[in-house]
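Chemist: Below are the chains, spelled out letter by letter.
Number of protein chains: 2
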Amino acid sequence: MANPYNENNINGIINLGTAENKLNNKEILEKINEAHGKCQDKDLSYGTFSGSEKTRSNIAKVLNRYLKPKEEIKASQVFVGNGCGPMVDMIGTVLSNEGDAFIVPEPYYGGFNGDLATRAGVEVVPVGHTDDDVLGVTEEMLEEVYAKNKDKIKGIIIANPNNPYGRTYTAEQLLVFIRFVNKHKLHLISDEIYALSQFRDTLDGKKSDFISVTSLDLPDPSRVHILWGLSKDFCMNGFRIGAIISRSLPVISALKAYSMFCCIPGSYDTMIENLLDSDEWIDNFVSLNQKRLNDNYEKITDSLKKHNVKYVDANSAYFMWIDLREQIKNVFPNCKSPAEAEMQFWERLLNNGVYIAPSAAFYATEPGYFRICFATQWNILSLALERIYKSF
Amino acid sequence: MANPYNENNINGIINLGTAENKLNNKEILEKINEAHGKCQDKDLSYGTFSGSEKTRSNIAKVLNRYLKPKEEIKASQVFVGNGCGPMVDMIGTVLSNEGDAFIVPEPYYGGFNGDLATRAGVEVVPVGHTDDDVLGVTEEMLEEVYAKNKDKIKGIIIANPNNPYGRTYTAEQLLVFIRFVNKHKLHLISDEIYALSQFRDTLDGKKSDFISVTSLDLPDPSRVHILWGLSKDFCMNGFRIGAIISRSLPVISALKAYSMFCCIPGSYDTMIENLLDSDEWIDNFVSLNQKRLNDNYEKITDSLKKHNVKYVDANSAYFMWIDLREQIKNVFPNCKSPAEAEMQFWERLLNNGVYIAPSAAFYATEPGYFRICFATQWNILSLALERIYKSF
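Residue numbers (full-length UniProt numbering), protein chains in the order written: chain A, 1 to 392; chain B, 1 to 392.
Treat the hints with care, as some may be off.
A pair counts as met if it fits within one copy or between any two copies, since identical chains are not told apart.
Below 30 Å or equal to it, Euclidean Cα-Cα: the simulated DSS-like pairs (lysine-lysine) are [as the list claims (entries may be wrong)]:
{"no.": "1", "residue 1": "42", "residue 2": "299"}
{"no.": "2", "residue 1": "22", "residue 2": "42"}
{"no.": "3", "residue 1": "42", "residue 2": "291"}
{"no.": "4", "residue 1": "299", "residue 2": "183"}
{"no.": "5", "residue 1": "38", "residue 2": "54"}
{"no.": "6", "residue 1": "310", "residue 2": "336"}
{"no.": "7", "residue 1": "152", "residue 2": "207"}
{"no.": "8", "residue 1": "256", "residue 2": "22"}
{"no.": "9", "residue 1": "54", "residue 2": "42"}
{"no.": "10", "residue 1": "329", "residue 2": "390"}
It should be emphasised that the hints constitute simulated quantities derived from the structure, not laboratory data.
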C-alpha cells in the first residue's frame with residue numbers, strides 16, 4: 001500500500017482492510033525469537049517437506065485441544081505447507097480438475113477465488129443466504145445451485161469462523177453442508193484458520209460458540225478437510241505456515257506429491273516445535289489474544305453505536321461487517337448504482353486516510369457494506385474510526 | 001532415508017547421493033543465526049511475496065559480481081521464491097502450456113523432470129552428447145530432436161555448472177544453445193545454482209572457468225532465464241530460497257501472479273538482507289568453500305586413482321561422475337542387462353552402508369556410472385569410499 005500510516009507518517013493511510021492482528025506482536029515475537037536464532041545443522045539439510053513429525057504432532061495436539069474433534073486428529077493426517085492460501089490451492093488441486101468448482105456461501109473471503117483459480121483453474125460458485133441469517137444456507141438453496149452446475153461442482157468451501165462476518169457457524173448449519181456433500185459424494189473444505197480467535201460466546205444475544213466440523217458426527221470423515229495455520233490465531237501472516245487436515249489417506253498422499261513446491265523451510269520446523277510445545281504457553285497466549293480482541297470489539301461497537309453505524313454482530317476472528325448503505329446514499333445521492341457509490345465512498349475513505357475492505361472484495365451481492373479489521377492498537381483504531389465518521 | 005549414518009550409528013548408510021555441502025555448516029550457521037533471531041514487527045505482516053527490494057538487490061549484487069553479466073542485473077529482474085525446484089516449476093509454468101517440453105542434454109539432473117512435470121505438466125526431451133565431450137551438443141543434434149518434437153518444444157534447459165558432471169560449459173557450447181533458441185524463437189533456461197562453487201580452473205588439463213550465459217552476447221536477452229539460489233553455494237538446501245533472473249518483463253510479471261504460492265517468508269527477507277549484505281563476508285565464505293571443495297576433490301581423486309576407479313574430471317559444484325562399468329561387470333557377470341546390473345550394484349552399495357546416485361537417476365542412456373557427492377568431512381567421505389571399494 002502506498003503512503004501507509006506509521007508513527008512518522010500520521011497522515012498516512014491506516015490499514016484496517018488487511019486481516020492482520022497486531023495486538024500481540026510483543027508476545028509472539030519474544031516466543032519466535034526464542035527458537036528462531038538457534039538454527040542447527042539439520043536446518044541446512046532438506047527437511048521432510050510436509051512438516052516434521054514433531055511439527056505435525058504439535059499441530060494435531062493444538063487442534064485436538066481446541067477443535068475437540070469427534071475422532072482424534074493424528075499427526076499423519078496433518079499436511080503442513082507455506083500458508084493457508086497455498087493450502088487452498090493445494091486442496092483444490094488434489095480434489096478437482098481444471099474447470100471444476102466449489103460452492104461458497106456469499107459474501108465470501110475473496111482469496112478463495114484467486115487461490116483456487118490461479119494455479120488449479122478451479123472456480124467458485126456462490127450460494128446466497130437466507131433473509132434472517134447472514135450465515136443461513138438451506139439444503140434447497142444448495143440443491144438449486146448444484147442442479148445448475150452438477151458437472152463441475154466438487155464440493156463446498158466455507159470459512160468458519162466466517163470471513164467477512166467474524167461469526168461462527170451453528171452445528172445445525174454445518175450439518176446442512178455435511179449432509180449435502182455426503183448425499184452427492186462431494187467434499188467439504190472448512191477453513192478454520194480463525195478457530196482459536198473466538199472472543200465472545202454470544203451472537204445477537206444467543207449463546208454461540210465456535211464448532212469445528214471435525215467435532216460433529218461425520219457420515220464420511222474422508223469427505224471433510226479442514227484448513228488451519230499460524231497466520232491468524234498466532235498473528236504470523238508473514239511466516240507463511242498453513243496446514244491441511246484430512247482423514248483421507250489418498251488426499252494426504254496426493255498432497256505429498258506436491259510438497260516440494262509448498263513446503264515450509266526446515267528452520268521453521270524447529271521454530272514451530274518450540275512455539276507449539278507448551279500447552280500452558282499456548283493457552284495463555286490464546287486467552288490473552290481473545291481478551292484483547294474482546295476489549296477492542298467492545299470499544300469499536302460502542303463507538304459505532306454512538307455514530308449510528310449499523311453492524312452485524314460478531315464473536316470471532318478480528319473483523320466485522322458494517323452497513324454504510326445510508327451514509328453512502330447521503331454522500332453520493334446521485335450515483336448510477338449502489339456498486340459505483342460503494343467504490344466512490346471507498347476512494348473517499350482512502351483520501352481521508354483509512355483503508356477498509358468494500359463488500360465488492362467479498363463478492364457480496366448487495367453493495368454498501370465494508371469489512372473492518374479491529375485488531376489494531378486502540379489509539380490507531382479510534383483515529384481510523386474518526387476518519388471514517390468524517391467521511392459521512 | 002532409513003538408517004542414516006551418524007556418530008551414534010556408524011554402521012548406518014552414509015549419504016553421498018543427495019547434493020548437500022556439509023563443509024561449511026559452522027560458518028553459515030553463525031551468519032544465519034546472527035540475523036535469524038531478530039524477527040521484527042514487519043516479519044509478522046504479509047511481505048512482498050516475490051522478495052523484498054533489499055533481498056532482490058542483494059541477490060542482483062552478488063550475481064553481478066560473480067556472473068559478470070554483459071548487462072547489469074537489476075533488482076526488478078530478480079524473482080525470489082521457495083527454492084530452485086519450485087522455481088523450475090514456475091519458469092516452466094509461465095513459459096509453457098501443459099504438454100509442452102524442454103530439450104535437456106542427458107544425463108541430466110533428475111529433478112528437472114519432476115519439477116517441470118508435477119504441476120506444470122511440462123516434459124523434458126533428452127538430447128545426447130558427442131563422443132568426445134560429455135557436455136558437447138551440436139546444432140545438428142538439437143535440430144534433430146527439435147524436428148521430431150517441433151510442436152511442443154519451448155526451449156532448452158541446462159544446468160551450468162552441470163549436474164551430474166560437476167563441469168562448466170564452454171562459451172562455444174553455450175553459444176550453440178543460445179543461437180538455437182534464438183533461431184527458433186525458443187527459451188534457454190540456465191540453472192546456475194552452483195555458479196559460485198567452482199573449485200578448480202581446469203578440466204582435462206585445459207583452462208576451464210565457469211561462464212554464465214548472462215556474460216555472453218545475447219541476441220535476445222528476453223529469451224534467456226537463469227536460476228540461482230542459496231541452497232548450493234551457501235549450503236542452505238533446507239531454507240528453500242531460490243531465484244529466477246529474467247530480462248523479460250512479461251515473464252517477471254507472469255511470475256508475480258503466482259508469487260503468493262511460492263514466496264519466501266518475511267523473516268527470511270530479513271535474514272537474506274543480512275547474509276548477503278557484506279561483499280567481504282561473501283567473498284571470504286565463497287573462497288573458503290571453494291578451497292575446501294578443492295581439498296576434498298584432490299583427496300577423492302587420489303583415492304579413486306589408487307583403486308583404479310575411472311571418473312570424469314570435474315571443476316565445479318560438489319559431485320563427480322564415476323565409471324563403475326568394469327567393477328559391476330566383475331561382480332554381476334551374468335546380469336540380464338547393464339541397467340539391471342547397475343540397480344543390483346546400487347543395492348549392494350546400500351547394503352554395505354553407502355548411498356550414491358546411480359546413472360538411472362539422471363536418465364543416462366549408458367548404465368554403470370554413479371554420481372558421488374564429495375562435500376562431506378573427509379573422515380566420513382573416506383569411510384564411504386572404503387565401503388564402495390569393498391563392494392567391488
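Chemist: Does each hint fit the structure? Answer for all of them.
Modeler: For each hint, the structure was consulted:
1. 42 <-> 299: For residue 42 and residue 299, the Cα distance is within 30 Å only across copies (26 Å; inside one copy 47 Å).
2. 22 <-> 42: Classified as between: cross-chain Cα gap 10 Å, same-chain 32 Å, threshold 30 Å.
3. 42 <-> 291: Only across copies: residue 42 and residue 291 sit 23 Å apart there, 38 Å inside one copy, limit 30 Å.
4. 299 <-> 183: neither (44 Å within a copy, 67 Å between copies)
5. 38 <-> 54: both (17 Å within a copy, 24 Å between copies)
6. 310 <-> 336: within (24 Å within a copy, 80 Å between copies)
7. 152 <-> 207: Intra 38 Å, inter 61 Å, cutoff 30 Å: neither.
8. 256 <-> 22: The answer is between: 27 Å across copies meets 30 Å, while 33 Å in one copy does not.
9. 54 <-> 42: both (14 Å within a copy, 27 Å between copies)
10. 329 <-> 390: within (15 Å within a copy, 86 Å between copies)
In this structure, the earlier hints numbered 4 and 7 are contradicted, and the remaining ones agree with it.
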